[in-house]
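**Q** What follows is each chain in one-letter form.
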Amino acid sequence: MEQKQNDLVVQMKGITKVYPNGIAANQGVDFSVRRGEIHALMGENGAGKSTLMKMLFGLEQPTEGAIFVNGEKVALHSPTAAIAHGIGMVHQHFMLVPSLTVAENIVLGMVPKKSGMFIDFKKATELTKEFAARFNLAVNPDAKVADIPVGMKQKVEILKALIRGAKILILDEPTAVLTTQETAELFRELVHLKEQGYTIIFISHKLNEIKQITDRLTIMRGGKSMGIYETASISEQEISRLMVGRDVILGVQKDTAAPTDVVLKVRNLEYTNEWNKKMLSGVSFDVRKGEILGIAGVEGNGQRELVDMLFDLREPDSGTATVNGKDVIHASQARIRAMGVSLVPEDRMTYGIADSATIEENLISDRFEEKRFNLGPLFNMKAIRAESDRLIQDYTVLCKSRKQKVKMLSGGNIQKVVVAREFSSDPTLIIADQPTRGIDVGATEFIRKKLVDLSRAGTAVLLVSADLNEVMELSDSLIVLYGGKIAAYFEDTSQLDDVMMGEYMLGLKRQSDEEIGRVCHER
Amino acid sequence: MWSQLLSTILKEEFLFSVIRITAPILFAALGAVIAGKAGVTNIGLEGIMMISALFGVLFSYWTQSWLVGVIGAMLVGVLLGLMMGFFALKLKTDIILAGIAVNMMGTGGTIFLLYMFTGMRGNTGALVSPNILIPTINIPLVQDIPILGSILSGHAILTYLAFLLVWLIWLLLYRTPLGLNIRAVGENANAASSVGVSVLKIKYIALALSGALAGFGGAFMSMYYSQGWNSGMVAGRGFIALAAQAMGRGEPVGAMFSSLLFGLAQALRTKVSGLQGVSSYLVSSIPYVVTILGLVIYAASTIKRVKKARAEHPEVKV
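Chains as they are written, first to last, in my numbering: chain B, 1 to 523; chain S, 1 to 318.
Accuracy of the hints is not assured; some may be wrong.
Partial list, derived from the structure: chain S residues whose beta carbon lies under 10 Å from chain B [to be verified]:
1. Tyr174
2. Val185
3. Ala191
Negatives, chain S to chain B, calculated, CB over 12 Å [what the hints assert, rightly or not]:
4. Gln4
5. Leu10
6. Phe86
7. Ile100
8. Tyr115
9. Ser150
10. Leu171
11. Leu200
12. Gly228
13. Phe257
14. Leu293
15. Tyr298
16. Lys304
Now the stretches of chain B that chain S is said to cover, found in silico as 3 or more residues with beta-carbon under 8 Å [to be verified]:
17. 93-102
18. 442-452
Quick caveat, the hints were computed from the structure, so don't treat them as lab data. Virtual Cβ for every residue (Gly too), placed ideally from N, Cα, C.
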């Protein structure tokens, strides 16, 4: 099919983005969108799709490559410049002021005036109504944003972009916060916009949605484009294969696991989040002594909620979780730690460390109350020094001294500080949530090896990871989370292949309840 | 003793004095309201009042015009507000520290400035003459109403301005584009900047307005209330104003009512301390005890509100 040059409203050619920390988020990506189409940008978390769109919206600048809008080369240095070129973006986290009305939010920054100095509320309301009617986006102009449902907030965001003259709309995972009905409504509205000649770029990793409303799609993986396809002529299996996959086989060396007693026992966890969205339903599994149980899945399918519940950061609607028979759902973090549970949190800067405290202080933060570190009312500095020096050496934390502030370290070394503390407390259960995200190869390898060693020495390990490589190679057995439910359980990970994993992760397949039930070793 | 107190309170002069005492607190409280709406805590109100109070007297003495004195005091307030903005927004110091610095300038710096400009120490007694004080006005018609007339009429021009400003500031915040921007910036700065509103500019404007209002409060203190400047004159009114803003939920009208409450407490202190058999030390604490009680009530209700807001809007920081 021959495309005329001016039919492409957006062209991004040879885009490379290298962040100052050396991570290449995009490598030579070509991306183009036709006028009046709904174009999906697909890929797993970390595939580089957000970075690509940030560059199109002027939030980031490409290191290499050129951007063309309507065939004309443009320099998008700020969102304002992008808006001037007719590009609007609806962010995943809404940019709204809750105490203002819908109309006030929509006209913010371009307020209509009367008598020279006052806000013309009537005109603001009329403007809102006019655009709402024209684009079939029903909103109540006089309602406070704080009082309206999420679906309407999203419409307000879309209207904000349209009223500022956007012809190309970027929607960043717009359905992530919506209920099923709201999603259906949004799709009708998007199709309506398309019919009026607007172009929509739709970031998502939900296959059914993509199939339903997009014309074409671009798949990204590992910072590279895997090609542009017509939605109608590509199968879901094909998309899944292109999206999910391993680029390198790590070949982690590990002996076969010999799991014994159940340590962590989770039964029927249910959780509904603050937007009334069901995030977990009927989640049951066991983790045994001496095994690594992996949790695979595309991010946002309930992993975070699950981990939060096991560490008293959220309360489930119902369900139980015990460690060696003791309840962890209603226990404080101190109690949970006293049971021998360690956590390597996903968000290490917030939950893993205190960034302006020293390495030493961070290392002893879970154990400074122990008798060996105290002399009467004072700390036993000698013992503390010995402990921190030992941990820094054992875990090869690269630093000037134990007195260095943690925030001065590189990401990999910060994670080593977390891991040194969490792995050295002789844990019975380690919960490792994205333990190697965003850190360098050396630290990654080190942490993976430690996890294997600990499990072989008898620790139960629950590994949550969106990195398919990691979760497939490190885990002895694994479960897949999709839509808050366990979609599959694999007792033996050694003969799994990526294509099949992809189908479970993207919800194309689901095992029978009996198959999934096998992950509960104790009745 | 109680009947004596009651008869004093029920007199018109008492209610008149409540309004008079409220005015400077109200000016500063409105300053706190504007800054608060833009997401800034202007803890420097006390210092701004002190410094502008001094300049009010100096300008009016130099020009022999009370009006120039008041305008001068207000402009000094604006400059101090902008200076705090420069420290906090441009040089990225903590706004609380910038405010504390202004407060210290208010206690120490003013004595130095006074000596430098006039050679006087501690107070400006000799500079002030009746013609450069803020004049009082009798309101036609109102002054003839029995009881109410003697409570509401005969106040200084600035007293009326303070209460008029409650309405003007409400109008500014809720009916003008600037007010909309101020509220948006204070509540979700990202949302404001994403539609091209300059967060920095709005915060500077809010601090300048806040300073101007504290400047009026300062002028009121030295050019009417105390009839001259002295070093202990503002006596915590800037801080009481912050409490009034907090208790009034950051709204102009709410701040007015809280200011009236504090004004009442201060007026009560003056009256009770004149009574027999009451410890004057204990009585002096009345305004501060009322402040603490008010803040406790406020804190309890805020905690409830913040919890609710967090549950509903996890994306916005409260």
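**Q** Indicate, hint by hint, whether the structure satisfies it.
**A** Comparing the hints with the structure gives:
1. Tyr174: holds (9 Å)
2. Val185: holds (9 Å)
3. Ala191: Hint on S/Ala191: holds, closest Cβ of chain B at ~4 Å, below 10 Å.
4. Gln4: The claim holds: S/Gln4 sits with its nearest Cβ about 48 Å from chain B, beyond 12 Å.
5. Leu10: holds (41 Å)
6. Phe86: Nearest chain B Cβ is 24 Å from S/Phe86, so the label holds.
7. Ile100: The assertion about S/Ile100 holds, with a minimum of 22 Å to chain B.
8. Tyr115: holds (43 Å)
9. Ser150: Consistent with the label, S/Ser150 stays out of reach of chain B, its closest Cβ about 37 Å off (over 12 Å).
10. Leu171: violated (8 Å)
11. Leu200: Correct as stated: the minimum Cβ-Cβ distance to chain B is 15 Å, above 12 Å.
12. Gly228: At roughly 38 Å from the nearest Cβ of chain B, S/Gly228 sits farther out than 12 Å, so the non-interface label holds.
13. Phe257: Given that every Cβ of chain B is farther than 12 Å from that of S/Phe257, nearest at about 21 Å, it holds.
14. Leu293: holds (28 Å)
15. Tyr298: Label holds. Min Cβ-Cβ 18 Å, cutoff 12 Å.
16. Lys304: Consistent with the label, S/Lys304 stays out of reach of chain B, its closest Cβ about 16 Å off (over 12 Å).
17. 93-102: Coverage by chain S holds for the segment 93-102 of chain B (8 residues, Cβ < 8 Å).
18. 442-452: Check failed, 0 qualifying residues.
Hint compliance for this structure: hints 10 and 18 are broken, all remaining hints hold.
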